[in-house]
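Asker: Letter by letter, the chains look like this.
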Amino acid sequence: MATFNLSYYRQLKQLVAKKESLITTDKDLFADPTFLELLALEASIESQVFYNHKNNYFALIQKYLNETIPPNIFRAQFIKMVNEDLKKSQEILDNFEELSTFWIDLELDEFGSLFENIHETCLCAFEFEGQEDAMPETKFRDSIQNFFFKIQKYLDEG
Amino acid sequence: MSFKKRETNQNKIRHPGRKRKIIATISLSLSLLFGRGQVNSSQSPNSNFYKQTIERNINLFEDNDQQVILVRNNSSSPTVRPGLANGFSSHPRVNPPAGASGLKPVRANPVRGFSTPHGLITRPPITGAHRQPTRLEGAGNPAGAGGGASSDDQCPIPENQKSQESKVSEYYSRSKKKKKPEAEQCKLEDEFKKDKKYGGFEYKIDKNGNPILRVETKTGSEALFTYDQSLEKYYHEDVYNLKKPKGYDAEHAKSLNRKDRIEYLKKMVPREYVIEYQIANAKSLSTENFLEVPGFISAKKESGTLYINKETRQVHFVNERTNIWRTTVIKSRTGLIKLAKNGFHLFPNAGKK
Numbered sequence: 001m002a003t004f005n006l007s008y009y010r011q012l013k014q015l016v017a018k019k020e021s022l023i024t025t026d027k028d029l030f031a032d033p034t035f036l037e038l039l040a041l042e043a044s045i046e047s048q049v050f051y052n053h054k055n056n057y058f059a060l061i062q063k064y065l066n067e068t069i070p071p072n073i074f075r076a077q078f079i080k081m082v083n084e085d086l087k088k089s090q091e092i093l094d095n096f097e098e099l100s101t102f103w104i105d106l107e108l109d110e111f112g113s114l115f116e117n118i119h120e121t122c123l124c125a126f127e128f129e130g131q132e133d134a135m136p137e138t139k140f141r142d143s144i145q146n147f148f149f150k151i152q153k154y155l156d157e158g
Numbered sequence: 159m160s161f162k163k164r165e166t167n168q169n170k171i172r173h174p175g176r177k178r179k180i181i182a183t184i185s186l187s188l189s190l191l192f193g194r195g196q197v198n199s200s201q202s203p204n205s206n207f208y209k210q211t212i213e214r215n216i217n218l219f220e221d222n223d224q225q226v227i228l229v230r231n232n233s234s235s236p237t238v239r240p241g242l243a244n245g246f247s248s249h250p251r252v253n254p255p256a257g258a259s260g261l262k263p264v265r266a267n268p269v270r271g272f273s274t275p276h277g278l279i280t281r282p283p284i285t286g287a288h289r290q291p292t293r294l295e296g297a298g299n300p301a302g303a304g305g306g307a308s309s310d311d312q313c314p315i316p317e318n319q320k321s322q323e324s325k326v327s328e329y330y331s332r333s334k335k336k337k338k339p340e341a342e343q344c345k346l347e348d349e350f351k352k353d354k355k356y357g358g359f360e361y362k363i364d365k366n367g368n369p370i371l372r373v374e375t376k377t378g379s380e381a382l383f384t385y386d387q388s389l390e391k392y393y394h395e396d397v398y399n400l401k402k403p404k405g406y407d408a409e410h411a412k413s414l415n416r417k418d419r420i421e422y423l424k425k426m427v428p429r430e431y432v433i434e435y436q437i438a439n440a441k442s443l444s445t446e447n448f449l450e451v452p453g454f455i456s457a458k459k460e461s462g463t464l465y466i467n468k469e470t471r472q473v474h475f476v477n478e479r480t481n482i483w484r485t486t487v488i489k490s491r492t493g494l495i496k497l498a499k500n501g502f503h504l505f506p507n508a509g510k511k
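Top to bottom, those sequences are chains Z and E.
Under the working numbering, the first residue of the first sequence carries the number 1, and numbering increases by one thereafter.
Under the working numbering, the first residue of the second sequence carries the number 159, and numbering increases by one thereafter.
It is possible that part of the hints are untrue.
[Claimed, not checked] From the structure, some residues in chain E lie toward chain Z, with a derived Cβ separation under 10 Å: (1) Asp396; (2) Glu409; (3) Arg419; (4) Leu449; (5) Glu450; (6) Val451; (7) Ile455; (8) Glu469; (9) Arg471; (10) Ile488; (11) Arg491; (12) Thr492; (13) Asn507; (14) Gly509.
Hints were generated in silico from the structure; no laboratory data involved.
Ideal placement from N, C-alpha and C gives every residue a C-beta, glycine not left out.
Isolated chain Z (complex conformation) (with noise of 0.2 Å):
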């Protein structure tokens, strides 16, 4: 654990608004490293953030795969808390002060990631429900059964 380093987020900060206003494209934003190192940075407040709210995640995923709630409600809350959590991660980004305070695992990268593959996976399948592009709720569950089994082995290793 360690605190967020405020001063190299700062200088990110003020290297990519210069680049901003250089560069012809948005696209060409996404391929500038530095960017790519900010945007990296304010993901780890998202994920220390996920992070410490891991029991109530888990304990919807379980809810979920025994069957106790059904797939719409498990997506619904799900997306729910990302929102909520990802408001939070953005209140504290705005607030240097407690930006200079706020402790973070520089481990979690893998966890963010595996983290995000459950929330994109219910984004999705709450995007196309009921369309021809829907994703079948077989394979929905095992996504989901999937993610959560690496996440929680990901853990027990950590």
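Starting from the structure of chain Z, add chain E where the hints point.
Answerer: Frame of chain Z; chain E shown alone:
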């Protein structure tokens, strides 16, 4: 004299092309040799021969291409129009009966590439009392009968409601002068208007009487927000902290399957709330804080534009072909990095069985 014999034997089968060219070349050479730059009927008896040779060559063109007439129009170059016999000649042109020339009558092929808004004109020439109106003549009444609506009164009738006859007739009857107001009329009906009640955004009304809002983004791209799509996605209203309708439960809406959710939203969300959400979306896309990136959605790789808000991480997808907004999702930053790595392909697994 072989030349004399040729001249008096008018009914002999005439082979177009080579012989005529030879005659024309010889006559031109003779003309140059004896210092006659111009063909003049008042000159020596031989001058009649030159004149007749040239006329014969011109007649050849008319005899063998009976349906191709050069028509003068407003442009500087003549227009070749098949099937329009006798259109603008100062005196009636009498076509010889078929076979009179000794040649098998040949119908000219339609000129390749000559097309109208309704396709190629392949209609045979009309020889009879009912001559088709020409470009210069018949612009006033394209309906062809008294009392019919003129083309200036309304937009063109849908294709499937027109007979082939009226299509051809309409094409011929259009003049440049009349076409302009017709186009302007249609443009006015399709134009977007502005009104404060729609957040000051440009709008037009759809077939159900609901607004379609138009947003011009920072790069000048167009995004259209339809009422129907906004109603279907109303459960995303929490993104904007909008005032919720009485009795509406967002969590309940999200927990329903799509069909039931749409029914629920139709029942529970009054029109003005949907419009408010439409306006919020339009406002969201009209800010400067967006990264505008070409991308795709679903396994079908539907092309479009992704509008990514750097601060809120809202990702809007607008269809490339229709410019209609499809959806908005909130991504995490890890999700944005992944999106960029995937070539801005939103939900690439959607639709994969």
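Asker: Which earlier hints can't be squared with this structure?
Answerer: none
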